[in-house]
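**Student:** Below, each chain spelled out in residue letters.
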Amino acid sequence: MNIKPLGDRIVIKMVETEETTKSGIVLPGSAKEKPQIAEVVAVGPGGMVDGKEVVMELSVGDKVITSKYAGTEIKLDGTEYTILKQGDVLAKLN
Amino acid sequence: MNIKPLGDRIVIKMVETEETTKSGIVLPGSAKEKPQIAEVVAVGPGGMVDGKEVVMELSVGDKVITSKYAGTEIKLDGTEYTILKQGDVLAKLN
Amino acid sequence: MNIKPLGDRIVIKMVETEETTKSGIVLPGSAKEKPQIAEVVAVGPGGMVDGKEVVMELSVGDKVITSKYAGTEIKLDGTEYTILKQGDVLAKLN
Amino acid sequence: MNIKPLGDRIVIKMVETEETTKSGIVLPGSAKEKPQIAEVVAVGPGGMVDGKEVVMELSVGDKVITSKYAGTEIKLDGTEYTILKQGDVLAKLN
Amino acid sequence: MNIKPLGDRIVIKMVETEETTKSGIVLPGSAKEKPQIAEVVAVGPGGMVDGKEVVMELSVGDKVITSKYAGTEIKLDGTEYTILKQGDVLAKLN
Amino acid sequence: MNIKPLGDRIVIKMVETEETTKSGIVLPGSAKEKPQIAEVVAVGPGGMVDGKEVVMELSVGDKVITSKYAGTEIKLDGTEYTILKQGDVLAKLN
Amino acid sequence: MNIKPLGDRIVIKMVETEETTKSGIVLPGSAKEKPQIAEVVAVGPGGMVDGKEVVMELSVGDKVITSKYAGTEIKLDGTEYTILKQGDVLAKLN
Chain A
1 MNIKPLGDRI VIKMVETEET TKSGIVLPGS AKEKPQIAEV VAVGPGGMVD GKEVVMELSV
61 GDKVITSKYA GTEIKLDGTE YTILKQGDVL AKLN
Chain B
1 MNIKPLGDRI VIKMVETEET TKSGIVLPGS AKEKPQIAEV VAVGPGGMVD GKEVVMELSV
61 GDKVITSKYA GTEIKLDGTE YTILKQGDVL AKLN
Chain C
1 MNIKPLGDRI VIKMVETEET TKSGIVLPGS AKEKPQIAEV VAVGPGGMVD GKEVVMELSV
61 GDKVITSKYA GTEIKLDGTE YTILKQGDVL AKLN
Chain D
1 MNIKPLGDRI VIKMVETEET TKSGIVLPGS AKEKPQIAEV VAVGPGGMVD GKEVVMELSV
61 GDKVITSKYA GTEIKLDGTE YTILKQGDVL AKLN
Chain E
1 MNIKPLGDRI VIKMVETEET TKSGIVLPGS AKEKPQIAEV VAVGPGGMVD GKEVVMELSV
61 GDKVITSKYA GTEIKLDGTE YTILKQGDVL AKLN
Chain F
1 MNIKPLGDRI VIKMVETEET TKSGIVLPGS AKEKPQIAEV VAVGPGGMVD GKEVVMELSV
61 GDKVITSKYA GTEIKLDGTE YTILKQGDVL AKLN
Chain G
1 MNIKPLGDRI VIKMVETEET TKSGIVLPGS AKEKPQIAEV VAVGPGGMVD GKEVVMELSV
61 GDKVITSKYA GTEIKLDGTE YTILKQGDVL AKLN
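Protein chains in written order, with the UniProt record's numbering: chain A, 1 to 94; chain B, 1 to 94; chain C, 1 to 94; chain D, 1 to 94; chain E, 1 to 94; chain F, 1 to 94; chain G, 1 to 94.
Be a bit skeptical, because a hint or two may be false.
Taking lysine to aspartate or glutamate pairs in the EDC-like style, the calculated list, with each CA pair at most 20 Å apart, reads [said to hold, decoys possible]:
{"#": "1", "chain 1": "C", "residue 1": "52", "chain 2": "B", "residue 2": "77"}
{"#": "2", "chain 1": "F", "residue 1": "68", "chain 2": "F", "residue 2": "88"}
{"#": "3", "chain 1": "F", "residue 1": "92", "chain 2": "G", "residue 2": "73"}
{"#": "4", "chain 1": "G", "residue 1": "75", "chain 2": "F", "residue 2": "39"}
{"#": "5", "chain 1": "C", "residue 1": "63", "chain 2": "D", "residue 2": "77"}
{"#": "6", "chain 1": "F", "residue 1": "68", "chain 2": "G", "residue 2": "80"}
{"#": "7", "chain 1": "C", "residue 1": "4", "chain 2": "C", "residue 2": "62"}
{"#": "8", "chain 1": "B", "residue 1": "63", "chain 2": "C", "residue 2": "57"}
{"#": "9", "chain 1": "C", "residue 1": "52", "chain 2": "D", "residue 2": "77"}
{"#": "10", "chain 1": "C", "residue 1": "85", "chain 2": "D", "residue 2": "50"}
{"#": "11", "chain 1": "G", "residue 1": "52", "chain 2": "F", "residue 2": "39"}
{"#": "12", "chain 1": "G", "residue 1": "52", "chain 2": "F", "residue 2": "57"}
{"#": "13", "chain 1": "C", "residue 1": "63", "chain 2": "D", "residue 2": "53"}
{"#": "14", "chain 1": "C", "residue 1": "4", "chain 2": "C", "residue 2": "50"}
{"#": "15", "chain 1": "A", "residue 1": "13", "chain 2": "A", "residue 2": "88"}
{"#": "16", "chain 1": "D", "residue 1": "52", "chain 2": "C", "residue 2": "77"}
Derived by calculation from the structure, the hints in this document are not laboratory data.
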């Protein structure tokens with residue numbers, strides 16, 4: 001992975017719907033078209049962000065649930081990624 | 001439960017209308033279609049959230065009243081949950 | 001009362017218009033349809049709320065005047081209550 | 001006066017237009033319909049309000065000029081009062 | 001002057017267009033109808049305003065340039081004044 | 001220059017388009033009608049502004065690039081100036 | 001480069017689409033018309049910005065991904081640049 005997010009940002013890669021179904025998680029309604037479950041592929045350094053200390057709680061490989069419209073999408077080597085702030089991650093899947 | 005909310009978030013599961021009626025609580029008007037009473041099923045660690053220290057006051061099993069439109073809904077193993085911030089919980093039912 | 005408000009929230013019960021008239025207080029215009037005078041029936045613990053220390057100045061039994069649209073209404077055992085933040089209470093009636 | 005404002009709020013009573021004219025003060029345009037000059041009839045305790053220390057600079061009996069749309073109107077024993085925050089008072093008339 | 005502004009507010013009196021022209025200052029376009037140059041006639045005490053320490057840098061007699069729509073207009077003994085916050089004063093004319 | 005800006009404000013004078021072209025700088029599109037390059041003609045004292053310490057980094061004579069719509073325009077002795085906050089200056093030209 | 005950004009701002013120069021494609025990065029949809037990948041050509045000093053300490057993490061020569069609409073465009077010697085705040089940079093490309 002050659003993208004290093006700044007500050008409290010992370011880079012995530014959406015998890016395929018099939019994989020999602022296997023783990024027993026189904027997202028309701030319109031969310032089916034755009035799953036909110038993703039895998040963390042890069043984590044920023046945290047530190048002082050907008051005058052507030054942010055400790056990064058996520059690590060590469062974590063499965064997370066995010067707000068559907070959070071972050072900015074980019075495409076790298078044919079794969080779509082989303083860059084968003086850690087605070088926009090709702091929960092971690094254990 | 002395999003969802004771990006981040007920061008000051010909790011995961012709640014709506015309590016069925018029948019159960020609600022038994023405990024003598026009825027929600028008025030349009031609220032009947034979407035009860036605001038829920039059970040806490042997962043609690044985030046709290047700590048520094050947006051530069052402010054948040055202590056979690058809720059525990060798994062607590063019955064709570066929430067703002068109707070607060071949080072994000074997800075479906076897990078066929079059950080609907082809502083992930084919301086502790087500050088969006090209005091009151092605890094003892 | 002089996003509702004315990006969180007943080008700086010309180011639970012109030014509207015005072016009937018008749019009682020209001022007896023104490024010589026009449027609310028003008030459209031406010032007549034929805035009196036702003038209420039009795040406090042439950043008080044949250046206060047403490048750190050959104051990063052700020054809040055001391056609860058109200059007690060159960062206090063008569064208060066509130067902003068008409070403040071808070072969230074719920075119904076409990078056939079009685080309507082409103083859950084609102086102490087800061088939305090304008091004044092106490094002595 | 002049996003209303004005790006909370007926090008940094010005060011209760012004011014509009015001064016009649018006649019009295020206003022006598023003191024040589026005339027309010028322009030549409031303000032004539034709703035004079036901005038008032039007398040303070042009750043003062044809150046001040047203290048920590050929304051995380052900030054507020055010292056009350058006004059006393060009962062002070063004549064003040066206020067923002068026309070500031071505060072909430074109530075009627076008590078046939079007289080209209082306005083409950084507003086001290087910070088919405090523009091100036092004191094000496 | 002019998003108006004004492006509260007907090008970080010000042011009272012100003014617009015300077016007549018003629019006087020403005022004499023000092024070589026002309027305001028462009030629609031500003032001609034409502035000159036932004038004024039004389040300070042009263043200064044509040046400053047101090048803690050909305051949780052922030054404000055030191056008053058203006059004195060009675062100062063000529064100032066203000067944002068055209070800043071403040072609240074009042075009429076006293078036939079003269080129009082504007083009450084505004086010191087922070088809405090753009091510059092002092094020496 | 002007889003204008004002294006307050007707080008963190010500066011006064012700038014737009015640089016003529018001809019001069020701009022000579023130094024090899026051309027502004028794109030609609031910006032041509034209203035150049036964003038200006039010379040600083042007066043600098044406020046800085047200090048505590050809205051509760052935050054501001055150090056003035058600009059000096060009279062600096063050439064700066066500003067946000068097109070930042071600040072308030074005034075005319076003095078036939079010349080147009082703009083009063084704006086230092087934070088609205090994007091960059092200095094060396 | 002004769003532009004020195006103020007505070008926490010940086011100056012970036014968009015990287016050509018061809019170069020972008022070579023490194024295997026393609027931007028989706030409408031983003032193709034306005035690539036979000038850029039090279040840093042000037043970095044401000046950082047320090048206290050709007051009352052918060054900002055440490056500059058970027059250096060001249062860094063390749064960055066930015067929010068598409070962030071910053072202000074200027075043209076210098078025929079080349080387009082964008083001046084934006086470091087916080088609007090999403091990630092660095094290693």
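**Student:** All the hints need checking, so say for each whether the structure fits it.
**Tutor:** To see whether the hints hold, each was checked on the structure:
{"no.": "1", "hint": "C:52 x B:77", "result": "violated, 39 Å"}
{"no.": "2", "hint": "F:68 x F:88", "result": "holds, 10 Å"}
{"no.": "3", "hint": "F:92 x G:73", "result": "holds, 15 Å"}
{"no.": "4", "hint": "G:75 x F:39", "result": "holds, 18 Å"}
{"no.": "5", "hint": "C:63 x D:77", "result": "holds, 17 Å"}
{"no.": "6", "hint": "F:68 x G:80", "result": "holds, 16 Å"}
{"no.": "7", "hint": "C:4 x C:62", "result": "holds, 17 Å"}
{"no.": "8", "hint": "B:63 x C:57", "result": "violated, 26 Å"}
{"no.": "9", "hint": "C:52 x D:77", "result": "violated, 37 Å"}
{"no.": "10", "hint": "C:85 x D:50", "result": "holds, 11 Å"}
{"no.": "11", "hint": "G:52 x F:39", "result": "violated, 27 Å"}
{"no.": "12", "hint": "G:52 x F:57", "result": "holds, 16 Å"}
{"no.": "13", "hint": "C:63 x D:53", "result": "violated, 26 Å"}
{"no.": "14", "hint": "C:4 x C:50", "result": "holds, 19 Å"}
{"no.": "15", "hint": "A:13 x A:88", "result": "holds, 15 Å"}
{"no.": "16", "hint": "D:52 x C:77", "result": "violated, 39 Å"}
Hint compliance for this structure: hints 1, 8, 9, 11, 13 and 16 are not met, and every other hint is.
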